[in-house]
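Chemist: So the protein lines, in turn, are chains B and V.
With the first letter of the first sequence counted as 1, position 48 gets the number 48 in this note's numbering; the numbers rise by one all the way through.
With the second sequence counted from 1, adding 1000 to any position gets you this note's numbering.
Calculated directly from the structure, the hints in this document are not laboratory data.
Misleading hints may appear alongside valid ones.
Only pairs whose alpha carbons sit at most 25 Å apart, straight line, appear in this in silico SDA-like list of lysine to any residue [as the list claims (entries may be wrong)]:
(1) B:227 with V:1050
(2) B:406 with V:1158
(3) V:1158 with V:1169
(4) B:430 with B:347
(5) V:1098 with B:398
(6) B:208 with V:1098
(7) V:1068 with B:232
(8) V:1068 with B:92
(9) B:434 with B:311
(10) B:136 with V:1040
(11) B:339 with B:320
Beyond 12 Å from chain B on every Cβ pair, some chain V residues (computed) [what the hints assert, rightly or not]:
(12) 1027
(13) 1059
(14) 1170
This structure is a prediction, so every number in the text was calculated from the model and none was measured.
Positions of the beta carbon are idealized from the N, C-alpha and C atoms, including for glycine.
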Amino acid sequence: METTPDKQDLERLEAVAGNGLLDRRAFLRSGTAVAGAMMGYTFVRSAAAERLAEEPWSLAPGGISRPYEQRSHFEEKIVRTLSNPNGEPRTSHARTPHHLVNGTITPNGLHFTIVHSGTPDIDPDKHRLVIHGLVKRPLVFTLDSLSRYPMVSRFSFVECGGNSAPMFSKEPIQASVQALHGLASCAEWTGVKLSTLLDETGIDAKAKWIVAEGADSLALSRSFPVKKALDDAMIALYQNGERLMPGNGYPMRLLLPGYEGNMNVKFLRRLKLVEQPAMSYYETRTYSQILPNGKAFRFYFLQEVKSFITHPSPGLALRGPGFYEISGIAYSGNGRISKVTVSADGGKSWGEAALQAPLLPKAFTRFRMPWRWDGGPAVLQSRAWDEAGNVQPTRAQFVAERGETKEVPRVLGFPNQHYNSLTSWAVDAKGEVKHVYA
Amino acid sequence: MFMPKPLHAFALAVTLGSGAAVAEGPNLGRPIDPADIAPWDISILPDGTGLPPGGGTPAQGERIFAQKCAMCHGERGKGGVAAAVVGGGPIDRIEAPKTIANFWGYSTTVFDFIRRAMPWQQPRTLTDNEVYALTAFILAENKLIGQNDSMNADTLPKVRMPNRDGFIIRFPDEI
């Protein structure tokens, strides 16, 4: 990375869309020199480097290894933002700082969480999971017994149905990607397939739904179809290799890959097989969403195809014209991401972004796009497609169908749900990034 | 619809011993009697399945509400630090506040949620009669039942909520 790009090398890169977007294969073709130049937002063109020196940490042995590694104290400011820091009697949201992390896996300490009545402190030895209702044999499982079952691991995003809710505002709310889209994260989950346990309880032919319930103080409860249970539902015990974080449902949660976050019931203690959905508070009130004609969607289930740019984004200013990598995340509850396009001119022209392998279904996919910023105004957008053929609607299409608010809501408010349209970042001549509608 | 596979697994385990049981599944779940599940079995379905015996009236509920609920939900449920459980405007914009009167599709959800979750700081401390009474009070204040109507397992599911038919299943193919 010590080499700086040869000017001619850069000039040779092929433009694929207006306002400086370059061919996604530029990295590969031009080698490490160009890639190095595009890594961050601190690149200053042709600034001469200072003479290298030894620093104190290189001249003495370092610190003691800790049993459980902590990140560098230089990184302590990289945190989730809290909506209810004093634990008042209401819901608590903690949002992922997408602009301050990279890759596709959210570190456990930065995974978003929402708890509606605080995080319970559950003794794993006393926790029980009961499966009953329309089954042949009601059964109770301990964490210990579940740990002896065949396990599976899968990468899966979890996204709150209310993620991106400020985007329903009739005017763009000035906020970071963390505030706008921070209620989505992605992890590797390991646990027991629910179908394995249902094999042992047996399923009565009349059972069509399962009511899931948590061991939290609200006994949070959601209904989901038996069809999903037999497809890819999991009782997750591990998150990125370690036991679940408390806010993510320790010691066990339901994982319904691709489904609305709230349905992935945490602190899972009960699954009841029934003929009809329970019409629980969270499914018929909180997570049913009002449409412009006054009707409401219920049982939305899927988190539909979506993408947004994380780098750059508000708070990550560009430091002078030159080369940058535009990158962001894309995901779909319907499967793999098949394509992401990026625009630097507010949607007039689009170029195809590189998708970072591996491309996994119902998981975050990172996209990357080389960009030569000429220092003039730019509006950056991304648009994703999934393998089922769904595409992120444009804002005009989305608003025509789902509406916008009459008033500008609070940034932490939830005026509506399931926003999956585009996000636009305007870059001004100073390199500052603002949220706009385009 | 689904074959009761576990019965085969169980039979195999018995005849062939633990090796076969491992092949089919560990079978480490412990059978439990429905009576022993009862303390957790609090799901109420919209047709009233699961509603316990007992009952209560709006007048009974009014007293309990003032004592245990009004500090958060406001006097007579008109709203405080927590949402109003009485009243609600028209659903005339996508961000309209959703209330029991203008939005909830089923009366059974009122009973189910109060019984499992309220009062917020001491959930599952109310008796079933108290939950019926509070449900009756809230429904009566919203003019969804009469002031003298008692709520019980028979009457509650019959209360038709105004927005009952206001919902569209977004992805029916998933069911």
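Chemist: Confirm or reject each hint.
Modeler: To see whether the hints hold, each was checked on the structure:
no.	hint	verdict
1	B:227 with V:1050	holds, 23 Å
2	B:406 with V:1158	violated, 36 Å
3	V:1158 with V:1169	holds, 22 Å
4	B:430 with B:347	holds, 22 Å
5	V:1098 with B:398	holds, 22 Å
6	B:208 with V:1098	violated, 28 Å
7	V:1068 with B:232	violated, 42 Å
8	V:1068 with B:92	holds, 23 Å
9	B:434 with B:311	holds, 12 Å
10	B:136 with V:1040	holds, 19 Å
11	B:339 with B:320	violated, 30 Å
12	1027	violated, 6 Å
13	1059	holds, 25 Å
14	1170	violated, 4 Å
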